[in-house]
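**Student:** Each chain is listed here by its residues.
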Amino acid sequence: MPLLAVEGLTVALPPGADRAHAVHDVSFTLEAGEILCIVGESGSGKSVSASAIMGLLPAALRPTAGRIGFEGADLLQATPAAMRRLRGARLGMVFQEPMTALNPLMRVGQQLAEVLHVHGARVGGRPLELLQAVHLPDPARMLRAYPHQLSGGQRQRVMIAMALALEPAILIADEPTTALDVTTQKEILRLIREVQGRRGTGVLFITHDFGVVAEIADRVAVMQSGRIVEQGTADMVLNRPQHPYTRALIAAVPARARDARPPETGEVVLELDSVGKTYRRGGLLRRAGTPAVVDATLEVRRGETLGLVGESGSGKSTLARCVVNLVQPDAGSIRFCGTDLRPLSRAAWRPYRKRIGMVFQDPFASLNPRRRVGDIIAEGPVAHGMARPAALARAGELLRLVQLDPGAANRFPHEFSGGQRQRIGIARALALEPELLVADEPVSALDVSVQAQILALLEDLRTRLGLTMLFITHDLRVAAQVCDRVAVMQRGRIVEQGPTQAVFADPQHEYTRTLLDSVPGRNWTPPA
Amino acid sequence: MIRTFFRNRGAAAGLVILLLVAAMSALAPLLFPFSPWDMQGAPFAHPGEDGFLLGSDSLGRDVAAGIAHGAYVSLLVGAVSTVAALLVGITLGAVAGYAGGWVDDAVMRFTEFFQTVPSFVLAVVIVAIFTPSLPSIVGAIAVVSWPPVTRVVRAEVLSLRSREFVQAAEVLGRSHASILFRDILPNALSPILVLASLMVASAILLESALSFLGLGDPNLMSWGYLIGAGRSVIRLAWWMSVFPGVAIFLTVLALNLVGEGLTDALNPRIARQR
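Residue numbers (our numbering), protein chains in the order written: chain Z, 1 to 528; chain R, 1001 to 1274.
Read the hints as simulated data drawn from the structure, not as lab findings. Heads up, some of the hints might be wrong.
[Unchecked claim] Derived DMTMM-like pairs (lysine to aspartate or glutamate); straight-line CA-CA distance at most 20 angstroms: (1) Z:LYS354 with Z:ASP375; (2) Z:LYS354 with Z:GLU271; (3) Z:LYS354 with Z:GLU433; (4) Z:LYS354 with R:GLU1170; (5) Z:LYS354 with Z:GLU264; (6) Z:LYS354 with R:GLU1164.
[What the hints assert, rightly or not] If the Cβ cut is set under 8 angstroms, some of the chain R residues that face chain Z in the computed set are: (7) ARG1163; (8) ALA1168; (9) GLU1170; (10) PRO1186; (11) SER1190; (12) ASN1256; (13) PRO1268.
[To be verified] Listing some non-contacts, in silico: residues in chain Z with all C-beta distances to chain R over 12 angstroms: (14) ARG84; (15) GLN224; (16) VAL294; (17) GLY357; (18) ASN368; (19) ARG400; (20) GLU415; (21) ASP517.
Quick reminder that beta carbons are idealized off the backbone N, C-alpha and C, glycines included.
So that you can see chain Z by itself, here it is in the shape it has in the complex:
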């Protein structure tokens, strides 16, 4: 008999939502000692399924049909009191955001003891054992630490220790590594595998990333719009996908490195020479701050795409913002077509604003919610002296260029999906016909299939318009697909740079090797 059997689970959405059911007729089983991955894009119902099992559905969502069999009972029929006894003790859960899942005012040790205490278990030396089991360094000291003193990865380890405190039969992990850097992600995945193997826990692992699936799953269920469209062993789903949606998702995984092109020999468009930026704390006593960028030197030639890759806090975004003068560097020079931009005043910068465009990361925050899309795209040309009607007409053309309907010009940003908004952001950047496009993580907030579309659009525009690009990303798979050359950043320094294929095939620096080694699913080549 399976450990957990979900049969025909249907959860209704409140009236007025874009579909009738959050999840519809979902059935799967989970055996002891097995890792089942539920994969899907945002809005596919994968998190709702997990919440239903935990009895944590929001009040607006109610299950209308089906049964969740666990240890001889139906969890959908369980009383709130019965669910409380099960949660934590028999069903453990790890959430996506380790920053907000811990109480900031309680020491780690107290929070672990609390879990044991509420379920009537003896506390004793268990918290220390638990921290040792999740391989936290110096567990005795960690017990006394507050959550803010731990890194994201350490916090997620504490969360896992809490979830496993009472040795639950099932661990539900809802995107537990999405907020983490790749190197940390790799360690957390290894940890989940290890504890699961040791205790024979059944793990329900929810993710959007096929790389992670390839890394950890025994079996896979693929969800689309609230339904499971395909389910089977990891090998079957990953290497011989049957359903068209699974195939489309797998095809969208950026895995195939781009064809090598002859190195660009054109003129140098952008040349950074020993650029440095240190953020200083305010106040009377100007204390030494943390250096965000140290001694960054690189050049970008006309027509090529240079990738700036690194983990969070590596300084890649700060460096990109230095190029467009959103951040003022305090050392070095930034030469654009031969002119040093650093000493220029705001007025002297203006002509260069036309020639350097930027695409931002967050498609929801980067468009003014109160202005119509047409105005948003036209504002650049208008600021540079184009008449408004002409600029609006041009906005229509640009919308067509980024494959949106020109009628979109009269609508407001919130009426578009994330991918469509990112297209609008690209249209805005292209309105001034820039020579250099700085793209700061342009696809990291998007679902894989949308991500693939935006990358294809950027590639198409690059060849058609002869754009030069500085492409910032934390995702090495994306970098491999988009960039001619890459520069790897670690703690503010560029530790390695060179042609993408050479760097990825034969990394010279220790850190580059670690990064490449941490890419989830590196041993899996998606079927063509």
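Position chain R relative to chain Z; hints supplied.
**Tutor:** Positioned in the frame of chain Z, the structure of chain R alone reads:
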């Protein structure tokens, strides 16, 4: 946009009340074709008695006439002083929040200086120095009510400044003025509108309080004056204070409802959802 406004029932009701008060004020000379200061009959007449709709005061003056004629001063003081305070407050707040650095420090210390003085006492002092008249009362109320606007606007501008769409505007090479007026201030509109509707209300109350202390314009009837005059005989003639009080209450409530409705109507996200 107008449709969204009227779909909010509270806002529509508020607007109706405001229009009624304005109409009452405009038609006062026709409804009560005599000075509200003139004696019209016996003193202390109960509401409905002796031809007095809302009773008469200790000198036999008509309370209803006082409310109708007094609406003009109360509404005028509320509107003009709020507009003046908004102009000063938004300008200073926007400059402080957008420029940052020492400009921000200077403006905020200046604002705090005004906030540390109890506002009502400051208003009393200003009116006393410049002798009670309509302009001095409006001025005094404006002087004491701009600091909260500055603080709210500065906080909004400060948080909007670091948003990606403002950075995007910066990268496009747009001017400071264009970024401030097109991107930042429109997004700071909701809190400003809510604050403004509350400010009109508190200005009416402040004028009432000044009149109550005898610092109103001695030639002009206002709601505050009526309450002040009725204060000493409130146990004998409750109607003298209660009806002007109800007038202030309804007007303030209507303003708040309208402010809330405007906020929704001006937000494209909400306006298109309903």
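**Student:** Would you check whether the claim that ARG84 of chain Z is not at the interface survives, using Cβ distances to chain R and the 12 angstroms cut-off?
**Tutor:** The claim stands: ARG84 of chain Z keeps its Cβ more than 12 angstroms from every Cβ of chain R (closest is about 37 angstroms).
**Student:** Holds or violated: is the Cβ of ARG1163 of chain R closer than 8 angstroms to a Cβ in chain Z?
**Tutor:** Check passed: Cβ of ARG1163 of chain R comes within 6 angstroms of chain Z, closer than 8 angstroms.
**Student:** Does PRO1268 of chain R pass the interface hint, meaning its C-beta sits closer than 8 angstroms to a C-beta of chain Z?
**Tutor:** For PRO1268 of chain R, the interface hint holds, since the closest Cβ of chain Z sits about 4 angstroms away, which is under 8 angstroms.
**Student:** With the threshold set at 20 angstroms, check whether the alpha-carbon distance from LYS354 of chain Z to ASP375 of chain Z stays at or below it.
**Tutor:** holds, 17 angstroms
**Student:** Does GLU1170 of chain R pass the interface check with chain Z, least Cβ-Cβ distance below 8 angstroms?
**Tutor:** Holds, because the Cβ-Cβ distance from GLU1170 of chain R to chain Z comes to roughly 6 angstroms (cut-off 8 angstroms).
**Student:** Check whether the Cα positions of LYS354 of chain Z and GLU1164 of chain R lie no farther apart than 20 angstroms.
**Tutor:** holds, 18 angstroms
**Student:** VAL294 of chain Z: least C-beta distance to chain R exceeds 12 angstroms?
**Tutor:** Holds, because the least Cβ-Cβ distance between VAL294 of chain Z and chain R comes to about 23 angstroms, which exceeds 12 angstroms.
**Student:** Holds or violated: is the Cβ of ASN1256 of chain R closer than 8 angstroms to a Cβ in chain Z?
**Tutor:** Since chain Z brings no Cβ nearer than about 23 angstroms to ASN1256 of chain R, farther than 8 angstroms, the hint is violated.
**Student:** Would the hint on ALA1168 of chain R stand, with a C-beta cut-off of 8 angstroms toward chain Z?
**Tutor:** holds, 5 angstroms
**Student:** Hey, does ASP517 of chain Z actually stay past 12 angstroms from chain R on C-beta?
**Tutor:** holds, 33 angstroms
**Student:** Against chain Z, with CB atoms and a cut of 8 angstroms, does the hint on SER1190 of chain R hold up?
**Tutor:** violated, 10 angstroms
**Student:** May I ask you to check that GLY357 of chain Z keeps its beta-carbon over 12 angstroms from the closest beta-carbon of chain R?
**Tutor:** violated, 7 angstroms
Figure legend: structure checked against the earlier numbered hints; hints not met, in rising order: 5, 11, 12, 17, 18 and 20.
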